[in-house]
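Colleague: Going down the list, the protein sequences come from chains A and B. If you use the working numbering, the first sequence closes out at 122, no skipped numbers anywhere. If you use the working numbering, the second sequence closes out at 168, no skipped numbers anywhere.
Think of the hints as simulated: they come from the structure by calculation, not from any bench. You may find that some hints are simply not true.
Taking lysine to aspartate or glutamate pairs in the EDC-like style, the calculated list, with each CA pair at most 20 Å apart, reads [as the list claims (entries may be wrong)]:
| no. | chain 1 | residue 1 | chain 2 | residue 2 |
| --- | --- | --- | --- | --- |
| 1 | B | K87 | A | E94 |
| 2 | A | K79 | B | E77 |
| 3 | B | K87 | B | E77 |
| 4 | B | K79 | A | D115 |
| 5 | A | K79 | B | E47 |
| 6 | B | K87 | A | D118 |
| 7 | A | K79 | B | E145 |
| 8 | A | K79 | B | D124 |
| 9 | A | K121 | B | E131 |
| 10 | B | K84 | A | D118 |
| 11 | B | K84 | A | D74 |
| 12 | B | K79 | A | E23 |
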Amino acid sequence: MNPALWHEVPSSWYLILSAMLFSLGVIGFLIKRTLITVFMSIELMLNAVNLSFVTFAHDWHAVKGQIFVFFVMMVAAAEAAVGLAIIISIYRSRATLNVDQVDLMKL
Amino acid sequence: MHLILFLIFAGFCLAGAINLLMQTHPINSALSLIVVMSSLAVLYLLLGAEFLAIAQIIVYAGAVMVLFTFVVMLLNVGEEEKTHGSKIAKIVGFPAIFVFFSIATTVLLEAQRHLDSLKMGGIRLSDAMTTLRELSQVLFTDMLLPFELTSVLVLIAILGAVALARKEGHS
């Protein structure tokens, strides 16, 4: 192996890692049956997208990419607060967190 | 050195994400999500984003995940019940993820190999860090309006969370 490679990671590797994490997040969203783990999968997807934002910001020397990640974090924190409040009120009215039993809006 | 660090923490990330899917108890999923987020913070540091690395640990691994574990323990969520799951998810979802992942990987690898215009080079440890000074200069000049809007958003989110989680019957 070329010794120069030890000090350098291609940026596509970071982006592929991001794609992997995003795919795992989508898989979790589909297979998980507890409302709270479904919500965790959404957080995983947000983090995966953040990683690709930071990678591109590094590649293009664009500080604005990092500021986008900062905004995503703010929105994710707000979303977590509201989402968990919704989960608590669902649990209060139905006493279950199984997504199969929370199907009022399903066709 | 960078390659080794990248491989270690990318491995932690993927292991944590896969563990999140495999575990049936939500508290185990939450803890593995903390592993994912902390290793992502190290990856941000490798990419030169020092402020985001710290913010990732404080906001995500700290605040958001504490909120998650708090809710898991508050509601005393038990083991996940195994059900057959959605049929549409099986027929459309999984092939769609597979297609998305294959296309993304192929495009990225091809772009790395051929397109110099995309400037997808290698990343080294010696690359310059984005300092907090540079970041805040852009944040408080060009992006001032979005920044102020997020503070309104957070305020609304707090009010919404309080309104949603409040006990019924009290006014």
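Colleague: Where does the structure disagree with the numbered hints, that is, which hint numbers, in rising order?
Modeller: 1, 2, 9, 11 and 12
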